[in-house]
Amino acid sequence: MGNFPAPCSQSDNFAIQSQNLCRHYRMGETVIRAVDGVSVRVRTGEFVALLGSSGSGKSSMLNLIAGLDRPTSGSVIVQGRDLSKLSREELAKYRLRVVGMVFQSFNLIASMTLAENVELPLRFAEVDRSERDSMAQSALDRVGLKARLNHRPSELSGGEQQRAALARALINRPRLLLADEPTGNLDSRTGTEIMDMVQGFNRELGMTVVMVTHERALAERYAERMIFLADGKLVDDRQNIPARASAGSHPVDAGARS
Amino acid sequence: MKIPDLTELALRNLRESVLRNSLTTVGISVGVASLVAMLSLGTGLQQLFSRRLAKSGLFDTVFVSSRRELRGMGREEERNGPNPAESRVLDEAARQEIERLPNVSEAYPDIRFVTELRYDDKPHLTMVSALPDSAKSNDAFDGMQGSFFSSDSASEAILQKSFAEELLGKTPPLGAPEPNVAELAKPLLGKELTMNYARRQAMPSSLAPAAGKSAPSADDLAAAAYSVISRQVKLKIVGVSDLDPESMRGPTRAKVFLPLKLAESLHVMQPADLREMTRPAAGDEPVYSSISVRVKDPAKVQSVEDSIKKMGFSTFSIVDASRSLQQVFRVLYAFLGIFGSLALTVASIGIVNTLVMAILERRREIGIMKAIGASDGDVKKLFFAEAGAMGILGGIVGVALGWAIGQVINFGTNIYLRRQSLPPEHFWVVPLWLAIFAVVFSLVVSLISGLYPAGRAARLDPVQALRYE
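Residue numbers (this note's numbering), protein chains in the order written: chain F, 5 to 262; chain L, 2 to 470.
Hints are computed from structural coordinates only; laboratory data are not their basis.
For every residue, glycine included, the Cβ atom is placed at its ideal position computed from N, Cα and C.
Certain hints may be false.
[What the hints assert, rightly or not] So the derived list for chain F, only partly shown, Cβ under 8 Å to chain L, looks like this:
#, residue
1, Tyr-29
2, Met-31
3, Thr-34
4, Val-35
5, Lys-89
6, Glu-93
7, Leu-100
8, Asn-111
[Stated by the list, open to error] Just a sample of chain L residues kept apart from chain F, beta carbon distances all over 10 Å, derived:
#, residue
9, Asp-6
10, Asn-14
11, Val-105
12, Tyr-120
13, Pro-133
14, Ser-135
15, Val-182
16, Asp-245
17, Lys-371
18, Ile-373
19, Asp-377
20, Ala-401
21, Arg-419
22, Pro-424
23, Val-445
24, Leu-467
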């Protein structure tokens, strides 16, 4: 924890800065340019949607920001840290402390109960057991799953699983929430539920959110900014006024009225 | 990750695929069991031998003889030592002096002679020797019929089995099974044996001057004179020994044993007496051809030997033999260990296999853990912990299994020994150090087996792993 490079003060306004970011894969003879020279800046506290058709490189971009992958060239600086310069060990710490991630397929560990899944990052952070329990409980409480502590993921609905995944992503109080098609496996109503929560974290906790989606409607409803990718290149970057601007509105309201 | 967390996660993961992991663990336990069984057999045999040898008195005994004997075991000394004719006489004074040396528990004269024994009016010639009271604990009298001498000066005798056969006229033909010692003893115990022997008697002082009167001038050897008289003594047979207590002595081994004090009081003419006759100062005091010295601790044999040599006597002990015996056991140990380890090596391949399978199966899980912040080290440690847990578990079960196998074989062997009317033995011994060593060894082997799978799991690319369904 201690030897982590301190963020530079000058980039405080930007949570994420990418400079000519490239990620190329070699598949036999051909080179696949999954991310091909993308330069973007995301302000701290911004809710950004990364849009594009499948194969546009949006997930690859997210993996680079998450520190799961390393750029072929260019740089990505998150919270003042140049990820391409971090060691494997430092990248793991970065993922543990700075980033929270949710996935389309929830990615909970099937052999563990919800409470164990949620507290797993705390184990890697070497938090004491006594603290872990209460932290996991309050995180699950926040996403409304307090009663399901000791259930296994397979005993829950998709929406509940994604809520648990959100609780896990939040447990280490990260500055950045990265969501890869978080509603992709959910029906529209539970999708809305999840998205309202994400929006809540963005507004109430001031977390920077980057969400990958192929649903333009979803992005328009929640994101403040929409970045369009095609063939690994940035094709459009526009501000958006979220349709659900009123923070107070309850997620179920819309469904109930329609 | 902290060690308790690691252990907990590892055990949880092992429980997830119970069958496969149990089978792997069973493999390890069989390996450990075979190692434990082999090494405990080695330990047991070694203990058995050392116990036998210690009880036989060979390893804590120093044989002392005078240089005047001219057939000392140390040829080197014979050449370099003092002139035999001028060296010290092994008499009672020397015996007492030796007995007073530090670490010496007793020093007793070696009295042995060939003489005639009559049983049922039939004469039998054999070697007779005297036994000190301490010989009671001698291993050679294990399985003896009857009892040891009632006292150190009782007129009693113990027979060796082969002599008992001779007395009864039952000597079996060569190669035939040996008769049971209990059957041999039954008709003999309590019976009387008559021993004829040559008693050495000092010439009465009144007789000597009388002889002097008749021939006063010349050969006035009265001071050293004694007569040899044929005598008889009746001995009660109290015991028949199954084993041969003096097998080490080869052709001079005795078949009839008398209590030491009794033998001394008989003043039997010894071969050495004749030679000593010519020594000017020779009197009636007995001179021993050799003395057996029992040392309190086998480790002290060398120092006792040295001090006796300084007194001017020749010595002999079997310390060197015991050293080479230890060498033999070390080699035996190594071989048994190698054979035992083979099974463990096979089991370790099982660990590698199980963990590599687990990586394939839990690829996605590893990806998830990495995505939420697990470092390469965390993943590596987790797989190590799983390998280690299987190793410790397998080790403990294996030690128990090895011990159980040993007990069963011990039990079986002892049934066999009892049928042969031999005393039971402990061939299979699992000492604490072996149990601990086996568990630690199993752990180390498992961790080494975990090296490759853990490294492979740690290097897994999280993006690839997460894509894997």
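Evaluated hints:
At a threshold of 8 Å, the smallest CB-CB gap from Tyr-29 of chain F to chain L is about 10 Å, leaving the interface hint violated. Against a cut-off of 8 Å between C-beta atoms, the interface hint on Met-31 of chain F is violated, since the closest Cβ of chain L lies about 13 Å away. Checking Thr-34 of chain F against chain L by beta carbon gives a least distance of about 19 Å; that is not within 8 Å, so the hint is violated. Proximity of Val-35 of chain F to chain L is violated relative to the hint, the smallest CB-CB distance being about 17 Å (cut-off 8 Å).
Proximity of Lys-89 of chain F to chain L is violated relative to the hint, the smallest CB-CB distance being about 17 Å (cut-off 8 Å). With a least beta-carbon distance of about 6 Å to chain L, the hint placing Glu-93 of chain F at the interface is held under the 8 Å criterion. Hint status for Leu-100 of chain F relative to chain L: holds, with the closest Cβ pair at about 3 Å, below 8 Å. Because the smallest distance between the Cβ of Asn-111 of chain F and any Cβ of chain L comes to about 5 Å, under 8 Å, the interface hint for this residue holds.
The non-interface label for Asp-6 of chain L is inconsistent with chain F: the shortest C-beta to C-beta separation is roughly 5 Å, within 10 Å. Residue placement check: Asn-14 of chain L does not keep its beta carbon more than 10 Å from all beta carbons of chain F (closest about 7 Å). No Cβ of chain F approaches the Cβ of Val-105 of chain L within 10 Å, the least distance being about 66 Å, so the stated non-interface status holds. Listed as a non-interface residue, Tyr-120 of chain L keeps its Cβ farther than 10 Å from every Cβ of chain F; the least gap is roughly 86 Å.
Under the 10 Å C-beta cut-off, the non-interface status given to Pro-133 of chain L relative to chain F holds; the minimum distance is some 71 Å. Chain F leaves Ser-135 of chain L outside its interface by the beta-carbon criterion, the shortest separation being 66 Å against a cut-off of 10 Å. Every beta carbon of chain F lies more than 10 Å from that of Val-182 of chain L, the smallest distance being close to 68 Å; the non-interface claim holds. The Cβ of Asp-245 of chain L lies farther than 10 Å from every Cβ of chain F, with a closest approach of about 69 Å, so its non-interface assignment holds.
Consistency note on Lys-371 of chain L: stated as away from chain F, yet its beta-carbon is not over 10 Å from all of that chain's, at 7 Å minimum. The non-interface label for Ile-373 of chain L is inconsistent with chain F: the shortest C-beta to C-beta separation is roughly 5 Å, within 10 Å. The claim that Asp-377 of chain L lies off the interface is violated: its Cβ sits roughly 6 Å from the closest Cβ of chain F, which falls inside the 10 Å cut-off. At roughly 29 Å, the least C-beta separation between Ala-401 of chain L and chain F is larger than 10 Å, which holds for a residue marked as non-interface.
Every CB of chain F lies more than 10 Å from the CB of Arg-419 of chain L, the least distance being 55 Å, so the non-interface label holds. Consistency note on Pro-424 of chain L: stated as away from chain F, and its beta-carbon is indeed over 10 Å from all of that chain's, at 57 Å minimum. Look at Val-445 of chain L: its CB is around 26 Å from the nearest CB on chain F, clear of 10 Å, so calling it non-interface holds up. Not every CB of chain F is more than 10 Å from the CB of Leu-467 of chain L (nearest about 7 Å), against its label as outside the interface.
In this structure, the hints that do not hold are numbers 1, 2, 3, 4, 5, 9, 10, 17, 18, 19 and 24, in rising order.
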